[in-house]
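Take these sequences, add in the hints, and give me the full structure.
Residue strings, one per chain:
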Amino acid sequence: MHYKVTHVTQYDYSDTVGLSYNEARLMPRNCVNQQVISSTLNVEPYAADFRIREDFFGNRVAYFSIQQPHHVFTVTAVSEVQLMENTSQLDFYQGFAWETVREMLSQQHSHYLKQASDLIEARQYTLDSPLIETSLQLAEYAKPSFTQGRSVTDTVNDLMQRIYRDFTFDPDFTTLATPLASVLEHRRGVCQDFAHLAIGCLRSQGLAARYVSGYIETLPPQGEEKLVGADASHAWFSVYIPEQGWLDFDPTNNIIPNTQHITLGWGRDYGDIAPLKGVIFGGQNHELEVSVQVECLTN
Amino acid sequence: MSTLSQYSNTAEDSAWLKGVAGYTPEANIVDEMLDSTGKVRPHWEYFIQALQKLGHDEIRLRQNEILKLLRENGVTYNVYGDPDGSNRPWQLDPVPLLIENDEWTNIETGLLERAELLNLILADIYGPRELIQKGLLPVDLLFSHSGFLRACDKVKIPGKHQLVLYAADLARGPDNRMWVIGDRTQAPSGAGYALENRLAMSRVFPNIFRDSRVQRLDGFFQSLRNALQQIAPQNADTPRVVVLTPGPFNETFFEHAYLASHLGYPLVQGDDLTVRDGFVWLKSLNGLQRVDVIMRRVDDSFCDPLELREDSRLGVPGLLEVARRGNVTIANPLGSGVLESPGLLPFLPKIAEHFFGKQLRLPSAATWWCGQAKELNYVLSNLHKLVIKHICRGSMTSVFGHLLSQQQIIGLRDRIRSNPALFVGQAHESFSTAPSFVAGHLEPRQALLRCFLVAQGQGYSLMPGSLTRSAAQQGNVPVSNQMGAISKDTWVIGGQNPNQANTIETPHSKLLASNYTSTLSSRVAENLFWVGRYAERTEGSIRLLRTTVKKLYINPDINNPYYKNSLYAVLRGLTNITNTYPGFLNKESDSLLKTPDSELLSLMLDEEKVGSIANNQRSLIQAGYSVRNLWSSDTWRVMDEIKCHLERSQQLTESTLWNIQEHMDRLITALSAFSGLIMESMTRGNGWLFLDMGRRLERALLLISLLRSGFSSAQAEGTEILLMESLLDTSDNLICYRQHYRNSIELPSFIELLILDKNNPRSLAYQFNRIQEHVSKMPRKQTNTQLSIEERLILEANSLLDLTNLSDLIKVSDGNVREKFDQTLSRLYYLLATLSDTVTATYFQHGQPQHSLVAVKPA
Chain A
1 MHYKVTHVTQ YDYSDTVGLS YNEARLMPRN CVNQQVISST LNVEPYAADF RIREDFFGNR
61 VAYFSIQQPH HVFTVTAVSE VQLMENTSQL DFYQGFAWET VREMLSQQHS HYLKQASDLI
121 EARQYTLDSP LIETSLQLAE YAKPSFTQGR SVTDTVNDLM QRIYRDFTFD PDFTTLATPL
181 ASVLEHRRGV CQDFAHLAIG CLRSQGLAAR YVSGYIETLP PQGEEKLVGA DASHAWFSVY
241 IPEQGWLDFD PTNNIIPNTQ HITLGWGRDY GDIAPLKGVI FGGQNHELEV SVQVECLTN
Chain B
1 MSTLSQYSNT AEDSAWLKGV AGYTPEANIV DEMLDSTGKV RPHWEYFIQA LQKLGHDEIR
61 LRQNEILKLL RENGVTYNVY GDPDGSNRPW QLDPVPLLIE NDEWTNIETG LLERAELLNL
121 ILADIYGPRE LIQKGLLPVD LLFSHSGFLR ACDKVKIPGK HQLVLYAADL ARGPDNRMWV
181 IGDRTQAPSG AGYALENRLA MSRVFPNIFR DSRVQRLDGF FQSLRNALQQ IAPQNADTPR
241 VVVLTPGPFN ETFFEHAYLA SHLGYPLVQG DDLTVRDGFV WLKSLNGLQR VDVIMRRVDD
301 SFCDPLELRE DSRLGVPGLL EVARRGNVTI ANPLGSGVLE SPGLLPFLPK IAEHFFGKQL
361 RLPSAATWWC GQAKELNYVL SNLHKLVIKH ICRGSMTSVF GHLLSQQQII GLRDRIRSNP
421 ALFVGQAHES FSTAPSFVAG HLEPRQALLR CFLVAQGQGY SLMPGSLTRS AAQQGNVPVS
481 NQMGAISKDT WVIGGQNPNQ ANTIETPHSK LLASNYTSTL SSRVAENLFW VGRYAERTEG
541 SIRLLRTTVK KLYINPDINN PYYKNSLYAV LRGLTNITNT YPGFLNKESD SLLKTPDSEL
601 LSLMLDEEKV GSIANNQRSL IQAGYSVRNL WSSDTWRVMD EIKCHLERSQ QLTESTLWNI
661 QEHMDRLITA LSAFSGLIME SMTRGNGWLF LDMGRRLERA LLLISLLRSG FSSAQAEGTE
721 ILLMESLLDT SDNLICYRQH YRNSIELPSF IELLILDKNN PRSLAYQFNR IQEHVSKMPR
781 KQTNTQLSIE ERLILEANSL LDLTNLSDLI KVSDGNVREK FDQTLSRLYY LLATLSDTVT
841 ATYFQHGQPQ HSLVAVKPA
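Protein chains in written order, with my numbering: chain A, 1 to 299; chain B, 1 to 859.
Calculated from the structure, these hints are not laboratory results. One should not assume that every hint holds.
As the list claims (entries may be wrong) - Here are the simulated distance ranges between beta carbons:
| # | chain 1 | residue 1 | chain 2 | residue 2 | range |
| --- | --- | --- | --- | --- | --- |
| 1 | A | 245 | B | 287 | 51 to 57 Å |
| 2 | A | 144 | B | 373 | 56 to 62 Å |
| 3 | A | 56 | B | 289 | 31 to 37 Å |
| 4 | B | 373 | A | 56 | 24 to 30 Å |
| 5 | A | 71 | B | 712 | 54 to 60 Å |
| 6 | B | 792 | A | 71 | 31 to 37 Å |
| 7 | A | 117 | B | 373 | 50 to 56 Å |
| 8 | A | 168 | B | 384 | 48 to 54 Å |
| 9 | A | 84 | B | 849 | 56 to 62 Å |
| 10 | A | 84 | B | 238 | 35 to 41 Å |
As the list claims (entries may be wrong) - Calculated from the model, a selection of chain A residues having no Cβ within reach of chain B, i.e. all distances over 12 Å:
| # | residue |
| --- | --- |
| 11 | 6 |
| 12 | 38 |
| 13 | 60 |
| 14 | 87 |
| 15 | 90 |
| 16 | 95 |
| 17 | 99 |
| 18 | 105 |
| 19 | 165 |
| 20 | 243 |
| 21 | 247 |
| 22 | 252 |
No residue lacks a Cβ here, since even glycine has one placed at the ideal position from N, Cα and C.
Following this line, the structure appears as structure tokens:
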């Protein structure tokens, strides 16, 4: 599948901004089933300093600064990617039991060398991160999915289904500052909350999970249900499964992403992969407008 | 005096000797001075004999001398949560810690080796992370540490070392060996205090110091200077180094200022710097100037709100990106704080073996990291005898297991279990004691040494000495500055130190100035401008207040029929120049005029009353403190005196106008000394220019207010004469007037002297001329053909005065108003106020407020 994503973010300030420093993680990275064909980032007004690098997690980051007074600030990211369909049938009932995976992750070095470095890499995603702190409550919520000897894929899939069932999608309930505990208590939130929640549950059981930032294709409403998260940034999570690598799950839509999810990048939680951050001088109040368009160019 | 002290010496000597004999370290604890048989160790002999010779009265005198010296030099340590919110004076024990050269050499070898090791670990952690791949460092230990900053990955600084500055806390264990009990790798503090301690000791005990053959410290600071030059980015010819401080409220701000001035670098705060075009710049009076090296005293995560803590207001947005490109070098590099983790300690021996093929010479405190099952079990079942620490310093204060109740032990156990990788247990050792001079005798107190190293050239250099801190109480207690520990100088005795000289260490204050004139930051210039204004404002109002009190109580001229009205005029003048309306200008009631005492007292003493003398004094001290590195030690001493006056005045209970007179006189003297020192000892660079500009502007503004208040409406001649007399007295012009005019006081001569006379340093015309001179020398003058706004304003003010006709000025029109007089002065006031605003807008920081962009939540 060939996609074109256009993501425009615009800030309108009530007062002049003299200086602006930013980091954008809006350019997709290559990954197992995704090939980036092209990607451009356009900043208005002119960014006097602009540089792209790879961050700690291997994501593409654009650093830029605007050094002229301005009232409107626009970032436009346009990318084309090719998604390869994963045709191999996922077998939920084969493979490692989740306890075995936990064991492997906690004893990275006792395993044969080939896997050790993958396990070491994965191990960091079992730890608490700034926005996801494991707790007894999370562990308790996770528990029913983690039955004895259950295969890890089946376990995670079950957890995803439960979150989808138990939680209500409610864009008005949470903000960026809403703690995970409150999402769990009220059973409401948006994709970011559900991804964080699932990650917290998995880490509370000793598994490695990371946060994925990206987009999802909107399907035409031909009597079909419209997928939530369309025309906005989307987020889901990914779990490390030994010998297979990282497997994505989208708890907001209760699906295992295949050819509809375009990945920008990943990190421990949202904080590592926020699409756009910045520090500005001046500006006072602002109005913010975001538009995301995902077009399928195949067919 | 000599007979008295000789007399008391004979009486006290035996008692004092007994005191040393009564110095009894605890059994089983090593003592630095006495060996296990109770004999004084050889390297202490000379010092102890010398102390005995002095006698304890003399030691006490010298102890006071030390305190006075430290206080006058402004050596302070801010204690958070102190009710006074004040700068606590630094405490220094008159008994130093003595270390013999052979042992020191051993410590040095051990510390150099440890510094190299930590440097290799730092380079690996933010580089290939082979230590993790090889299983020498657990993933969880590094990746759960909040000081491991992923944004700093792969950022390297030039030169052989990533760890530029390093400090180690040492203590002697029960096995008689020196142990490293803590590492400081982020922005180690204390070297400046160590130097200040040394200066005080060598001044107060010059003979003992000279004869003890103590190794000198100044070589270390030269090494530090070299190190900072060496790490500059490749393309910097003459690198500009700055010292970055969080500001005057930081606990060790004194040291930041002290080191900056000692090393000769500008002291800057985050908003003095800005990132443009991929470089870091200092916002100076002359525009932006590139910065090559930043010696930072701001914690890692506060340095860049873009990539690190977004709520930080102490950093510079974009700084990390500039460092990443190698366009600025930060020492220590951001992210180095992770090395302070006590969780590293148990892994050091194996890592040392890996890198060096041998064990570390100096052992670390025995430590168990709870991220491993066996160690966790050990710690959980031995909580009562361990010290529990969080791996991130500052996340939790150390917990001493033996002080906990059963209930607390259970709570702690749960806390550790919930995230074991974040905790370590450490053996709770009894460290050695050293003699402290407490309440007139020597007492054994536990002592810790903080040693300082800097990387330069091929290796590290160690300061031959340290900052020693001894416990606030006897016995086995934690030693920390925040908990009132007392510092000691550390004397390394003997050895072949080539730098050794039998002189007192060179004082530092002369190093000042020249460096600063070229890179005076806008913030510093603004503070100096306000120092000038507040100093003048305080002095002007207190002088008038003193005149008032004189008029009221000392020689009230009650037989003069105009006395009362002239007194009222002075009182109204006071309200006018201090801007404390309504005050004596209250139109509703004139009762205040009749019983002015309480209002006058609050004008003097009420620190919270805006415009009061105490309030101005406080503002003066604050502005002065934030640029303290610019003052000579004499000037600082006077500044300190002004501060003492304020503190004392706030403690006056039942103050009356009568008993604050002496206080007023002293304050006036201190303020005059301050102006005098500035005139006489401050280099005439941009700093002085802005300070004097502030002073002149303020003096002119005060005088205009006062004159308008007194003479814009004409009063009875008798009243005006008395009023003029008071004002001449206030401005120290009475004698001058009498010599000059040799007649009774008349308005024309009065106005001539106070407004028009270009030679009277208190006249308006004089201030205008000075301001005009300053304005012509201000930096950033655009062109020679066009006048700047500042120049236009002062030119207009000066011409207005020049063209003024004296007889027009004093003419009284209908309704008893001196119209021309009031118009002229009011225009002059406007011109000066506008000039002040223009200077502020052109030269000072008036940066826009910093915000974080609000992000969009993915849905």
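List of violated hint numbers, smallest to largest
Per hint list: 2, 5, 7, 9, 10, 18 and 22 violated.
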